[in-house]
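Engineer: Sequences are here, hints too, so could you generate the full structure?
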Amino acid sequence: MGQPEINSGIPSITGPWIMKEMLGLSRTIELALTGRMMDAEECYRIGLIHKLVTQEELMTEALNMARLLASKPPLAMRLTKQRFREVLEKSLEDVLQAAARIDREAYGTGEPQAVMKKFLEKGTTKR
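Each residue of the sequence shown is one higher than the last, beginning at 377 in the working numbering.
No lab work stands behind these hints: they were computed from the structure. Where hints are given, some of them may not hold.
Calculated pairs, PhoX-like style, for lysine-lysine (alpha carbon to alpha carbon, straight line, at most 25 Å) [stated by the list, open to error]:
#, residue 1, residue 2
1, 494, 457
2, 396, 457
3, 427, 457
4, 427, 396
5, 498, 448
6, 427, 448
7, 448, 494
8, 493, 457
9, 396, 448
Structural biologist: Printed below as a string of C-alpha cells:
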C-alpha cells in the first residue's frame, strides 16, 4: 500500500485525504512525497490491517469472514457501513445529525431491540 502516483509524475489527489484518516498526516505525507510502498508486514505492524494469512489460508479466512459478516443483522450492517462513509465525508455537525437520523431509522424498525433481547435472553439461560 502506498501512494506511488508521484513516481509517474502524477499528483496524488484523493489518496491523501483517505489515507490521513488511517495513517495520520505525517506518514501520509511521507508516502505521497516519496512514492514508497508498504508491504503487508508493515501494514500489519502499524494497524492498517488486522490479520496476516498465508496464500494457502486466504480463501478459508476470507470465507470465514464473509460468513461472520453475513450473520449480522442486515439493517444494522447497512447503517453501520453508511455511518462510516458519513463520518469520513462530512463535518462534525453533519456527522452528529447523521448519527441521530441513523439511530432513529434503526430503532424505528425494532431490529436493534430484537437483537438486544436475544442477547439478554442468552445470558439469562446460562445462569
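Engineer: Now, for every hint given, state plainly whether the structure supports it.
Structural biologist: Hints, one by one, checked against the model:
1. In summary, the hint linking residue 494 to residue 457 is supported, as the alpha carbons are separated by about 23 Å, within the 25 Å threshold.
2. The suggested pairing of residue 396 with residue 457 holds, with an alpha-carbon distance near 19 Å, which does not exceed 25 Å.
3. For the hint pairing residue 427 with residue 457, the CA-to-CA distance comes to about 20 Å; that is within 25 Å, so the pair holds.
4. The hinted pair formed by residue 427 and residue 396 meets the criterion: a straight-line CA distance of about 21 Å does not exceed 25 Å.
5. For a cut-off of 25 Å, the pair hint linking residue 498 to residue 448 stands: about 16 Å separates their Cα positions.
6. The suggested pairing of residue 427 with residue 448 holds, with an alpha-carbon distance near 20 Å, which does not exceed 25 Å.
7. A C-alpha spacing of about 13 Å is found between residue 448 and residue 494, which places the hinted pair at or below 25 Å, so the restraint holds.
8. Between residue 493 and residue 457 the alpha-carbon distance is near 23 Å, which keeps this suggested pair within the 25 Å criterion.
9. Distance hint between residue 396 and residue 448 is unfulfilled; the C-alpha atoms sit about 29 Å from each other, more than 25 Å.
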